[in-house]
Amino acid sequence: MTDQALIIQFQNGDAKERAFTQLLKRHRENVFFQIKKMVLEHADADDIAQAVWIKVWNKLDGFKQESAFSTWLFRVAYNETLNFIAQKKRLKTHSTQNEIDHAFDHPSGHNGLKETAIQIKLERAIAELPEKQRFVFMLRYYEAYDYEKIASITGTTVGGAKANYHQAVKKMTELLQQA
Amino acid sequence: MNDMNDMENESISKNLEEALKSFESKTMQVPAGYFDQFELDLMQKIKAEGQAPQKARIVTLFLNQKKYLVAASLVFAIATGYLFLNKVENTTNPIAKVEIIDIETLPDELIEAYVNNNELLAEVEWNSAIESAGTNLISINN
Chain A
1 MTDQALIIQF QNGDAKERAF TQLLKRHREN VFFQIKKMVL EHADADDIAQ AVWIKVWNKL
61 DGFKQESAFS TWLFRVAYNE TLNFIAQKKR LKTHSTQNEI DHAFDHPSGH NGLKETAIQI
121 KLERAIAELP EKQRFVFMLR YYEAYDYEKI ASITGTTVGG AKANYHQAVK KMTELLQQA
Chain B
1001 MNDMNDMENE SISKNLEEAL KSFESKTMQV PAGYFDQFEL DLMQKIKAEG QAPQKARIVT
1061 LFLNQKKYLV AASLVFAIAT GYLFLNKVEN TTNPIAKVEI IDIETLPDEL IEAYVNNNEL
1121 LAEVEWNSAI ESAGTNLISI NN
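Sequence lines, in order, name chains A and B. With the numbering used here, the residue at position 36 of the first sequence is 36, and numbering never jumps. One rule links them: number in the numbering used here = place in the second sequence (from 1) + 1000.
If you're looking for bench data, these hints aren't it; they were derived computationally from the structure. Please note that the accuracy of each hint is not assured.
[Said to hold, decoys possible] Distance ranges between label pairs, derived from CB positions:
(1) 64/A with 1084/B: 55 to 65 Å
(2) 29/A with 1045/B: 13 to 23 Å
(3) 173/A with 1025/B: 14 to 24 Å
(4) 86/A with 1083/B: 20 to 30 Å
(5) 1069/B with 83/A: 15 to 25 Å
(6) 87/A with 1034/B: 43 to 53 Å
(7) 86/A with 1029/B: 23 to 33 Å
(8) 1049/B with 131/A: 25 to 35 Å
(9) 41/A with 1047/B: 21 to 31 Å
(10) 1051/B with 160/A: 40 to 50 Å
(11) 79/A with 1029/B: 53 to 63 Å
(12) 1034/B with 64/A: 24 to 34 Å
(13) 75/A with 1076/B: 48 to 58 Å
[Stated by the list, open to error] Where chain B lies over chain A, by a calculated footprint (3+ residues, C-beta under 8 Å):
(14) 23-29
(15) 37-46
(16) 51-61
(17) 118-130
[To be verified] Straight-line C-alpha distance at most 20 Å; calculated EDC-like pairs for lysine to aspartate or glutamate:
(18) 89/A with 44/A
(19) 1045/B with 143/A
(20) 1026/B with 17/A
(21) 170/A with 1017/B
(22) 121/A with 1017/B
(23) 1047/B with 14/A
Virtual Cβ for every residue (Gly too), placed ideally from N, Cα, C.
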């Protein structure tokens, strides 16, 4: 059964819960890992993912299927993640920074000390990227989404999404090269 | 990742690519059975939210007509003020006219008639004033 058919089933109210859990099973991992790449901490990613799916449950009745479900879902995830990060910033508890500091103190890499150091550097570089650049980069690099879809998700133009991606690559390369 | 064009692949250095691979493997780590538990927790939360009593929606009356309400209040205030001032003017005018009358301009007959009519009354008031003053003096002397 396609996403579209499941959404229609949900909107018609027949086997609403079943349709929803099918959609959840199909997309939960992609959404969760995308969020986790943004915030790094498992507990934070879990909170955001829960909020995303609750919003999906509440708003799916009004979803007009003008875009693919996954585009809409990632847009919800994008907004929730940005809200969460903004809230954290307001509370002055930078989870990403804490996570990185923790990683510095307790290196857990399984490929030796050298790789852990590079990884920590990368995490620092990722944490320094603006949220939008970070989200665009993750969608493009790990999910291999096309720029049209990324632009729809992040509410930008195709050119803007491309620029965000290249800026992210440039910054990360520069930061990794720093001693 | 596989669909990326050559230009993009070229722009990512080997160093960065390795780090990104390692970053991915780190972020992909979740506790065993995490997603099944996630689903259970989520559905429980959704059901709990559905059973929770709906918060009453607060509807503010006349919210859209706010500017009309302000305008109406102003019109009312101006009208009330105008009517009040007008009324005061009307009631004060006759008094003012009486005060303006000069006693010298009145004919003697009119003054005489007034004195005759009020003589008795004035006398009674005068006598009672003298009486009360007298009792006061007696009480002081005693």
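Here is what the structure says about each hint:
Distance hint check: the CB atoms of residue 64/A and residue 1084/B are about 60 Å apart, consistent with the given range 55 to 65 Å. The given range of 13 to 23 Å is respected by residue 29/A and residue 1045/B, whose C-beta atoms sit roughly 19 Å from each other. Our hint of 14 to 24 Å for residue 173/A and residue 1025/B holds, since their Cβ atoms are close to 20 Å apart. Checked against the hint of 20 to 30 Å, the C-beta distance between residue 86/A and residue 1083/B comes to roughly 56 Å, which is inconsistent with it.
Remark: the range hint 15 to 25 Å for residue 1069/B to residue 83/A is contradicted by a beta-carbon distance near 36 Å. The given range of 43 to 53 Å is broken by residue 87/A and residue 1034/B, whose C-beta atoms sit roughly 24 Å from each other. Taking 23 to 33 Å as the suggested C-beta distance range, the pair residue 86/A and residue 1029/B conforms, at roughly 27 Å. Between residue 1049/B and residue 131/A the beta carbon distance is about 28 Å. The supplied range of 25 to 35 Å therefore holds.
For residue 41/A and residue 1047/B, the Cβ-Cβ distance of about 27 Å falls inside the hinted range of 21 to 31 Å, so the restraint holds. Distance hint for residue 1051/B and residue 160/A: a CB-CB separation of about 43 Å, consistent with the stated range 40 to 50 Å. The beta-carbon spacing between residue 79/A and residue 1029/B, approximately 26 Å, falls outside the hinted interval of 53 to 63 Å. Between residue 1034/B and residue 64/A, the C-beta spacing of about 33 Å keeps the proposed range 24 to 34 Å intact.
For residue 75/A paired with residue 1076/B, a C-beta distance near 50 Å keeps the hint of 48 to 58 Å intact. For the segment 23-29 of chain A, the proposed coverage by chain B is satisfied: 4 residues have a C-beta within less than 8 Å of a C-beta in that chain, meeting the threshold of three. Look at the segment 37-46 of chain A against chain B: 4 of its residues bring a Cβ nearer than 8 Å to a Cβ of that chain, three or more, so the hint holds. By the rule of at least three residues with a Cβ nearer than 8 Å to a Cβ of chain B, the coverage given for the segment 51-61 of chain A holds, with 3 such residues.
For the segment 118-130 of chain A, the assignment as covered by chain B holds, since 6 residues bring a beta-carbon within under 8 Å of that chain's beta-carbons and 3 suffice. Restraint check for residue 89/A and residue 44/A: satisfied, since their Cα atoms lie roughly 13 Å apart, inside the 20 Å limit. A threshold of 20 Å between alpha carbons decides the hint, and for residue 1045/B with residue 143/A the separation of about 29 Å lies outside it, so the pair is violated. The straight-line distance between the Cα atoms of residue 1026/B and residue 17/A is roughly 33 Å, outside the 20 Å bound, and the hint therefore fails.
Proposed proximity of residue 170/A and residue 1017/B is supported: the alpha carbons are some 13 Å apart, at most 20 Å. Restraint check for residue 121/A and residue 1017/B: the C-alpha separation of about 13 Å stays at or below 20 Å, so the hint holds. For the hint pairing residue 1047/B with residue 14/A, the CA-to-CA distance comes to about 17 Å; that is within 20 Å, so the pair holds.
Checked against the numbered hints listed earlier, the structure breaks hints 4, 5, 6, 11, 19 and 20; every other hint is satisfied.
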